[in-house]
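The primary structure of each chain is shown beneath.
Protein chains: 2
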Amino acid sequence: MSKLLIVGTVAFDKIETPFGKTDKILGGAATFISLSASQFNVDSGIVSVVGDDFPEGYLEMLKSKNINTSGIEIVKGGKTFFWSGKYHNDMNTRDTLITELNTLADFNPVVPDNFKNTDFLMLGNLHPSVQMSVINQIPNRPKLVVLDTMNFWMDNEWDELIEVIKKVDVITINDEEARQLSGEYSLVKAAQKISAMGPQYVVIKKGEHGALLFNKENIFFAPALPLEEVFDPTGAGDTFAGGFIGYLAQSKDISFANMKNAVIYGSNMASFCVEKFGTRRMEGLKKEEIHRRLGQFKELTQFEIELS
Amino acid sequence: MSKLLIVGTVAFDKIETPFGKTDKILGGAATFISLSASQFNVDSGIVSVVGDDFPEGYLEMLKSKNINTSGIEIVKGGKTFFWSGKYHNDMNTRDTLITELNTLADFNPVVPDNFKNTDFLMLGNLHPSVQMSVINQIPNRPKLVVLDTMNFWMDNEWDELIEVIKKVDVITINDEEARQLSGEYSLVKAAQKISAMGPQYVVIKKGEHGALLFNKENIFFAPALPLEEVFDPTGAGDTFAGGFIGYLAQSKDISFANMKNAVIYGSNMASFCVEKFGTRRMEGLKKEEIHRRLGQFKELTQFEIELS
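If you read the sequences in order, they're chains A and B. All letters in the first sequence, in the order written, are residues 1 to 308 by the UniProt record's numbering. All letters in the second sequence, in the order written, are residues 1 to 308 by the UniProt record's numbering.
Hints listed in this document are in silico derivations from the structure and should not be mistaken for laboratory results. Worth double-checking, as some hints may not be accurate.
One copy or any two copies: either way a pair holds, since identical chains are not told apart in the list.
Cut-off 20 Å, straight-line C-alpha distance, at most; resulting in silico cross-link-like pairs (DMTMM-like, lysine to aspartate or glutamate) [said to hold, decoys possible]:
| # | residue 1 | residue 2 |
| --- | --- | --- |
| 1 | K167 | D52 |
| 2 | K86 | D119 |
| 3 | K24 | E163 |
| 4 | K216 | D106 |
| 5 | K206 | E229 |
| 6 | K3 | E229 |
| 7 | K24 | D113 |
| 8 | K65 | E283 |
| 9 | K276 | E217 |
| 10 | K24 | D90 |
| 11 | K65 | D90 |
| 12 | K189 | E275 |
| 13 | K286 | E306 |
| 14 | K287 | D175 |
| 15 | K24 | D95 |
| 16 | K143 | D253 |
| 17 | K79 | E304 |
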């Protein structure tokens, strides 16, 4: 079984959507990534940090999904990273109401010894220096390193981010971020430029409009599943990344042909994430549901044209 | 060979994009639809109106593509419909600078006798009363009636538009129009509501984000081909519709499975249209290019997942 190390936030989220609002609930990039990847046969672990206000029950839930939490540092007297946001009616845009870094501000990641030989490394959205520290703690290069990042680091930590981008195989970012990072409006040109910065594969996430996978020669597109209702988009991008790397880690095949399948699985997992608030849907998700939805993705995209 | 009657504008366009600007050039919904459909084996004809300022050369060009132009009325002393628009940098939004209805203002469409038994009817974007007049001139219901319309008619001629919608098999509109027509934000719900108004099939065009095909039980998605440059989006939606109905008319198969192929062909044709100003690209388009691009659409969308 492949080892998969996931670095990212484990957090409290407080979310408001047109459908309702939550109290502080479980959130964070590493949380969503690991829950999504836990649907595949992988030996996964998280590197993150929380305060001692973080409920033991959340850690127990992650452990019950065979996610190794020994790399989640618990800071005595510290408070867990907290994010609060409000989605607009179109669910595509949101306002951040509160960001309290708390223990995340001084986070020095420590990769547990039993994950220093990880086969797959997922660098969830975090300060590029934290991502780089994790890369440097792994003596032999993993089979595949996937990076997720966001515009905030492009605005504030450009040079450090560029150094991290040089070292990864796959980058996953959204369309606006791809444009910002490359200075190109066309996503085809943006992907070419970003690939020239280092990553052999570029995944551009377009939310409800699906995701594009690029390498030098090929382009593949995975649509988002058209849903009657998107209840809460929080974590959908991380859930996509978790499905992507979870499937690759399970199948141990990092060819472009198999990455096509991986973005379909990413889109598949994300389609569940948005159906309930926070991690609720992902916590209860069954393998049969994923298989059934894969059938829907096939119906949605597969066609047979005989050339006339 | 199926007969295909196309009703819509034949016009002058003056276009400005970030790549340049044109003088008055050939445009109009029926023009783009018929040029696109002319790539398929169909016996097609246009019902429209122009002024005597309309160059004979444009009509000759259409005739050279086996498009019957006998239903294009030429009004002596009249001026041809003229539209001028300017695209913003993102190419997704545009400002209309000039709209001169001219001969279109009093257009009374007359279906030529040899198209009164048409097998396929494409109602391009026009005043709903003109569309209804054409429907009423055809004694035996065609095999398939496809309607294209836009928000302008929803704003100004709601009741007449609803009467036309009742009478068609397929409606093609963009995402914002689908939301306006249905009052639903979710495109899945919007398609359900629109289908309840009459059309068995609903095609929602999302521009660079592709197109969705719905009937009661099924959803299919055709992406737009990711392009390095979109030069001029004018006519892309009509070109999509022309490819859609042209393929259906050629294959004479209006099953959902074949409509999947039709939206792929629609998207295929539209991907060419945007590569040059106006009708330029469509006029010179070769069948081999369409076949080659179909291969690109397959690579872009087709995957093979073995369930584990």
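Against the structure, the hints:
no.: 1; hint: K167 <-> D52; result: neither (34 Å within a copy, 65 Å between copies)
no.: 2; hint: K86 <-> D119; result: neither (37 Å within a copy, 52 Å between copies)
no.: 3; hint: K24 <-> E163; result: neither (35 Å within a copy, 51 Å between copies)
no.: 4; hint: K216 <-> D106; result: neither (38 Å within a copy, 54 Å between copies)
no.: 5; hint: K206 <-> E229; result: both (17 Å within a copy, 18 Å between copies)
no.: 6; hint: K3 <-> E229; result: neither (35 Å within a copy, 41 Å between copies)
no.: 7; hint: K24 <-> D113; result: neither (32 Å within a copy, 71 Å between copies)
no.: 8; hint: K65 <-> E283; result: within (9 Å within a copy, 59 Å between copies)
no.: 9; hint: K276 <-> E217; result: neither (38 Å within a copy, 24 Å between copies)
no.: 10; hint: K24 <-> D90; result: neither (23 Å within a copy, 38 Å between copies)
no.: 11; hint: K65 <-> D90; result: neither (33 Å within a copy, 44 Å between copies)
no.: 12; hint: K189 <-> E275; result: between (33 Å within a copy, 15 Å between copies)
no.: 13; hint: K286 <-> E306; result: between (37 Å within a copy, 18 Å between copies)
no.: 14; hint: K287 <-> D175; result: neither (30 Å within a copy, 33 Å between copies)
no.: 15; hint: K24 <-> D95; result: within (17 Å within a copy, 44 Å between copies)
no.: 16; hint: K143 <-> D253; result: within (10 Å within a copy, 48 Å between copies)
no.: 17; hint: K79 <-> E304; result: neither (55 Å within a copy, 46 Å between copies)
In this structure, the hints that do not hold are numbers 1, 2, 3, 4, 6, 7, 9, 10, 11, 14 and 17, in rising order.
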